[in-house]
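Chains as they are written, first to last, in the numbering used here: chain A, 1 to 473; chain B, 1 to 473; chain C, 1 to 473.
Any given hint might turn out to be false.
Unchecked claim - Facing chain A, according to a computed beta carbon distance under 10 angstroms, are these residues of chain C, among others:
1. Gln-267
2. Ala-373
3. Phe-376
Since the hints were made in silico from the structure, they are not lab data. Because the structure is a prediction, the values reported are computed rather than measured. Ideal Cβ positions, reconstructed from N, Cα and C, are used throughout, including at glycine.
These are the residues of each chain, in order.
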Amino acid sequence: MNDPLLDPDRLFSANPREREIARTLYAGIRALPIISPHGHTDPSWFANNDYFPDATKLLLIPDHYLFRMLYSQGIELEELGVPRVDGGAVETDMRKIWHILADHYHLFRGTPSSLWMDHVFHEVFGLEQAFSPDTADEFFDQISASLQTEAYRPRALLDRFNIELIATTEGAVDDLPHHRAMAGTAMSGRVITTFRPDDVVDPEREDFSENLVLLADLTGEDTETWAGYLDALRARRAVFREFGATATDHGHPTAATADLDRAACEQLFARCRAGDVTAEEAELFRAQMLTEMAGMSLEDGMVMQIHAGARRNVNPEVFRKFGRDKGADIPSPTNFIDGLAALLHRYGNESALEIILFTLDETTYARELAPLAGHFPCLRLGPPWWFHDSPEGMLRYRQQVTETAGFYNTAGFNDDTRAFLSIPARHDVARRMDARFLASLVAEGRLRMGDAEALIQDLTGNLVRQAYRLSPA
Amino acid sequence: MNDPLLDPDRLFSANPREREIARTLYAGIRALPIISPHGHTDPSWFANNDYFPDATKLLLIPDHYLFRMLYSQGIELEELGVPRVDGGAVETDMRKIWHILADHYHLFRGTPSSLWMDHVFHEVFGLEQAFSPDTADEFFDQISASLQTEAYRPRALLDRFNIELIATTEGAVDDLPHHRAMAGTAMSGRVITTFRPDDVVDPEREDFSENLVLLADLTGEDTETWAGYLDALRARRAVFREFGATATDHGHPTAATADLDRAACEQLFARCRAGDVTAEEAELFRAQMLTEMAGMSLEDGMVMQIHAGARRNVNPEVFRKFGRDKGADIPSPTNFIDGLAALLHRYGNESALEIILFTLDETTYARELAPLAGHFPCLRLGPPWWFHDSPEGMLRYRQQVTETAGFYNTAGFNDDTRAFLSIPARHDVARRMDARFLASLVAEGRLRMGDAEALIQDLTGNLVRQAYRLSPA
Amino acid sequence: MNDPLLDPDRLFSANPREREIARTLYAGIRALPIISPHGHTDPSWFANNDYFPDATKLLLIPDHYLFRMLYSQGIELEELGVPRVDGGAVETDMRKIWHILADHYHLFRGTPSSLWMDHVFHEVFGLEQAFSPDTADEFFDQISASLQTEAYRPRALLDRFNIELIATTEGAVDDLPHHRAMAGTAMSGRVITTFRPDDVVDPEREDFSENLVLLADLTGEDTETWAGYLDALRARRAVFREFGATATDHGHPTAATADLDRAACEQLFARCRAGDVTAEEAELFRAQMLTEMAGMSLEDGMVMQIHAGARRNVNPEVFRKFGRDKGADIPSPTNFIDGLAALLHRYGNESALEIILFTLDETTYARELAPLAGHFPCLRLGPPWWFHDSPEGMLRYRQQVTETAGFYNTAGFNDDTRAFLSIPARHDVARRMDARFLASLVAEGRLRMGDAEALIQDLTGNLVRQAYRLSPA
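The following block holds chain A by itself, in its conformation from the complex (with noise of 0.2 angstroms):
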C-alpha cells in the first residue's frame, strides 16, 4: 500500500461521519497561531539566533522520548554520544548515531515520537520519503545542510512556525542572561521566562545548599533565615515578572501541601539548610513551600503550575554516568486528595489565585482532580503531560476529566517540550485530538456544532491566553 507520509486526516475519527466534523472544527483553527506557554526551549537560541549544528545533536541526542527508548532495547547511551557527566568519552560520529536511530526506527511505530518525527522530517524540511536505513543518509545531509540557512535560524523558525508566544523556564538562581539580552529587541515578550524554584525549594538536591548561597548573592537578601529566604523567594519573582513571566513551575515528586506555623517552618528551614533532614521532612519542607508559593502568587499574580508525581533519576547508574533528565523519570501513584488538602483549606475558595494542575497518574483524572477542580475555584488542569501527552493520553483526558470539570476549567495545550523543532508538530497533534474529540460528541448528540466551534476556538487560544494570564488576542 502507498500510504501517504503524513496522512492530511492523520488522528480523526475513521467514522465517515466524525471525520467530516472533525475536518471542519479543525479547518477553523489549524492556522492559528501557536501559544506555547509552558516548556523547556533553550532561551539562548532565540537571544543569539545561532544557527543549529547537524541533525543528531539537534533531533536526537537531547531528546530523553529517543534515547530512553533506544536505551530500553540494549543500545548504551555512549553510543548515542550523550555527555557523560565525567566528561568521558561518547561516540562523535553524529552520522553513526544518526544510523542507529534509522535501524531502529521501529522502535518507535505507534508511539508519539514518530507522530512527531515525521512531522519534522516531512513538514519542517520537505523530505519525501520515508525515513529508514536507506534514506538514512539522505536524510542527514538533507536536515543538517537546511539547518545551516537562514531559514532555519531559531527566531525565522519562531516565525514560520507562527509562535506567537513561548515561555522557556529558568531555575530561581539563574540570572536569566538570555531574557536580559532579548529586553528591548523584537523576542521581548515573545519569549518569556518561568519561574521554578525546584532548586531552591528541595532540601534533597545535591546542590541545595550552593543554590541558596547563590540566591543569597543574587538578591543581598539574608537565605540564612526563613524570612531572608521568603523575601528572596519575592525578590527573584519580581525579576522574573520583568522578563515577562506570568507562571511559575513547581515539579515535585508528589503533590503534598502543608501549611506549618512560623515557628515550625523556621526550625525545619534551619534544618535543611544544615543539610540535616530526613526524607519525610524534605518531603514536608517542600510541602510547605508549595503552600509559601501559593501565598506569594496571591501577592504577585502570578499563575502557579504545580507538576506532581515524577520519581526522578530511578536508575541510579544511569543517574551517575548522565545525570538528570536521561529518560529515567517514572510517574508514580500520586494523591491529590490528601496532597493539596492544606494548601486548598487556607487558599482554596481565593478566585484571584489559579493553580494549574498536572499529573502522570491518570487514575486521578476522574476520581480527584476533574472533582477538584470542578469545585475549587483557584483550581484548573492542565492539558495531559509527558508520557500522556499522546493522542490516547489526550483521548483519556477528555474523557476522563470532561463531564465533571467540563472544558472550561482546562488550560488548553502546553507543548512542555525542549524538541523546539516538534513544537508545531505537538500543537497539531492537540489540535487534531480535540477536533477529533468534539467530533464525536457532536456526531452522538451530545454537543450541538455550534458549541463545538466555539469549544475549538477556545481550547486553542481563549482559555490558553485566561489560564496563563496573557494578553487576549
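Model the placement of chains B and C on the given structure of chain A, informed by the hints.
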C-alpha cells in the same frame, strides 16, 4: 448548522451498524416503567403533593452538580441563593439567579448536567429553543408558570414519568412522617423509604450523641449499651420495612469493615458515645457497623447498599457557611479487597445476603470489584455512581466490569438523585448507553442479537427488581 | 436475527475501513503456528496421551473462570463436582452438572469465557447449534464421544491446533516425571517445562518446610543453610533447563524486591525455616528471592517472569473446603516503582537479563510499567493477564502501553491456561485484537500499512520467540 434540541439518536455510536442495532434495542425498552430503587427525592413532595415553586428554586438551588461548577468559576454561592447555615443574606431574586445560570450555561458543555437539563427543558417543559441568555426569561417564565399547574404537581409527574416505584432515603432517627402520611394512599408501595443509618453509625458526625438520644427516644431501647444500641437499630429497621424499605444504605468514607469480638465492640462503642475517639477508632467503629448491618440484613432480608469512598466536606469554609452536600465531596482511592475482608470472611458465602457495592474509584472496577462480585455469592455491583453517572462513566463501567463479573452480577440503574425532574433524563441516558454498549458487542460478533434483546430487558427491569427484592413486573 | 455461531469478523471494529484492514492483517497471521510459552496444561496429558474423559470433567470442573461465575450466583461448588479437600461427597453425575452450566450459560454473555467456549463447541467439536438447555444433552454426548476418538487425544490435538511449542509450569520440588517420560520422544522440545519456585520461596505456604526437605532430597544440597538453599535452587534450575525450560515464573502477591546483605539473608532464611516470621518478614524474604532469581537468571540465561499482585485464597471457607485455584484469587493494587527498585538498582542495566512483567492492576500500565519498560534494558511487558486476557483488556493494554513502551518492549501473547481445548480460541482472540488495534492505527493515519503488516508478524511470532529465547522459526 441546525442541530435538533434533542437528537433522537443521541448517545448511540456514530457507526451506522451499531446505531441501527442500538435503535432496535432501545425501542424495546424505551417505554418501560421507571424503577428508581435508590435516590434522594423529598418524600414530602409525594405526601403533600404541593406545587413546586419556580424554575430556580426547583432546578438550580438544590442541584450541587450545577452550583459547584458555577462556584468553580468564581461565582459565590450567595449569588446563587444557596442558603447559609447562619441564615445570612443570600440572593433572593430568582430571575436574577436564573440569568447567572444562563450566562454560564457554556460551562456545562459536554457534561451530563447539560444532557439532563436539556431533557428537562425540551421534554418535560416542551421548550423549543436552546437555553441561552436570550431565552432565559422565557424559560424562567414558562417553567415557573407550568409548575403552578396540575400537570406539574409531584404525583402527576410520577404518573407522567411512568415511575412505577421510587425509593427515598431517610436517616435512622427520622420518624418517617411523610411515609406515614402516605400509608394507605395510592402512594403507599409506590414511594418507599430506605434505611440509612449513617447518622447513628458515624461517631465523627457533629450530631452523633444527639442522634443516639433520639434513637433511644424513638425505640425505647437503651442506646447507652452496645446491646441496646443494636436492638434500637433492629427496631428502626423494622419500622422502615413497614414503610416499604427493602434496602439499607451506607455512605462511608472507605470500604473498611471489621469483625471485633463483643467485648471490643462494647469498649469501642463506649468511647464513641463519650466522644473520645481518634480518627482510627471512628473508622474502626464504622467498619464494625457495616458487618453488624450485614448480620441484620441476614436476619431481616434487607438488601445492603454500600456507597464507599466519598471524602465529605473537604472545603471547610464552604461547610461552615453552607453545610453538607455543597459540591465539596471528593472521591478518594478506595481499597475494597482489604476493606471488605472482615465482612466477607464472616458472611461472604451467604447467598441469602445481598450487598450492592458502589464506588467512586473507577480503578477498582476491573481490579477488585468485578473479581469479587464474580466470586462471592453475596455481592452485586451497583451502577456507576455520582461523578460517573454519565455517558463516559457508563461506558467505562460496562467495559471494565462485564468481562469478569458478567451482566448478572450487576444491579441495573439507580438515578440516586434529589433532582426529581431529571429522573426521566437520567434513566433515558442509562437505557441509551446500555443499548449502545450491547450494540457494539453485537456489531463486533461478541454477542448474539437475541441475547442482547434479552439483556436489555434484564438490565432495565428484571435485574433492578431482583437486586432490590422488589415484586416482579 | 440469525447470527452466525462464530462471526468470521468477530472482534474487529464495526467501522468498515478498520474492519477491512483488520481482515487483511489477520489473514496474514491467522494460520501461523501457536507458540504457548507460558501456561498450566498438565504435562501428563502429553506424556501419556490418554483419552480425555467427558465434557464436564474436561471443560467445566477444572475451569475456575466457569465455576466461580456459577458460584457467584449461588450455586454450590459441590453441585458442580469440584472435589473437596476432605474427599467429601460432591456431585458425580456429569450430565447433571453439564445441565447446570447450560441452564446458566446466559451468565457468561459478554465474557471471554463464552467466546472461548463457543469456539471450542463450534470449531473444535463442530457443533452447529447454540449451547442452551435444549442442546445440552446433544453437546454432552457428542463432546464426550469425540473425546474417545483418536483425533481428540492430546497429541493429536497438539497437531490439529498447530501448536509448535507449549510450556507447562512445574514447582521447584517437582521431579518432572512427565517431562522425563517425554525425553527422546517427538514431544521433547515441543512440550517444555518452566521453573516456578513459589513452593520453596514463599514462607507463608503451609508446605514450605516440607518443600525445603524435598528440595534437599532432590538435590543433595543442605537446604538448612542459605548457601545450600541457593545452590539447591541452582541445581533445580539446571534440571529444568534439561527439560527445555527457557524461563522461570514467579507468582508473588506484590512486586516487592529486596537486596539484603548476606548476613541479613542468612538470618531471615533461618527464621523462615523455623516458621517464625511475621507477614512483613515473609514479604521481605519473597522480595529478596526475586533479586536472587534475577541473579541466577544472569548466570544461566533463563528468562524471568514475574506475575505480581494476585491476592490468593481470599475466601477462607472455600480454601478450607476446596483448596487453591478456586476462583477466590483477587487482584490488588500493585506498586511496581517502589517494588522493583531494589532489583533494578542491582541488575536493571544488564541487557543480558530479561524480566517479563505481568500485572493485574491495569492502572500500572501507563503510569509505571510502560515507562519502566521503555527505559530499563532488562524489562519487557507480558501480555494482559488472567482477568484482563479479554478483548477489552487487550485494548486497554495496547492503548495504555504502546505510546510509551512501543510494541517492541512487549512479549507477544501468553494463553496462561490449564484449559487445553481453549488454547486455539485464546490465541485467536489475541490475534484478532492485535489486528483490530493495528487497523485502527492505520485507519487513523498513525501507522503505515507496511509497518502494520510487519508488526502483526512480530507480535504473533517473533516477539514471543525473542522474549522467551526460543529458536527462531
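Quick rundown of the hints versus the structure:
A hinted interface residue such as Gln-267/C counts as satisfied when its beta carbon comes closer than 10 angstroms to some beta carbon of chain A; here the least separation is about 26 angstroms, so the hint is violated. With a least beta-carbon distance of about 7 angstroms to chain A, the hint placing Ala-373/C at the interface is held under the 10 angstroms criterion. Because the closest C-beta pair between Phe-376/C and chain A is about 6 angstroms apart, less than 10 angstroms, the hint holds.
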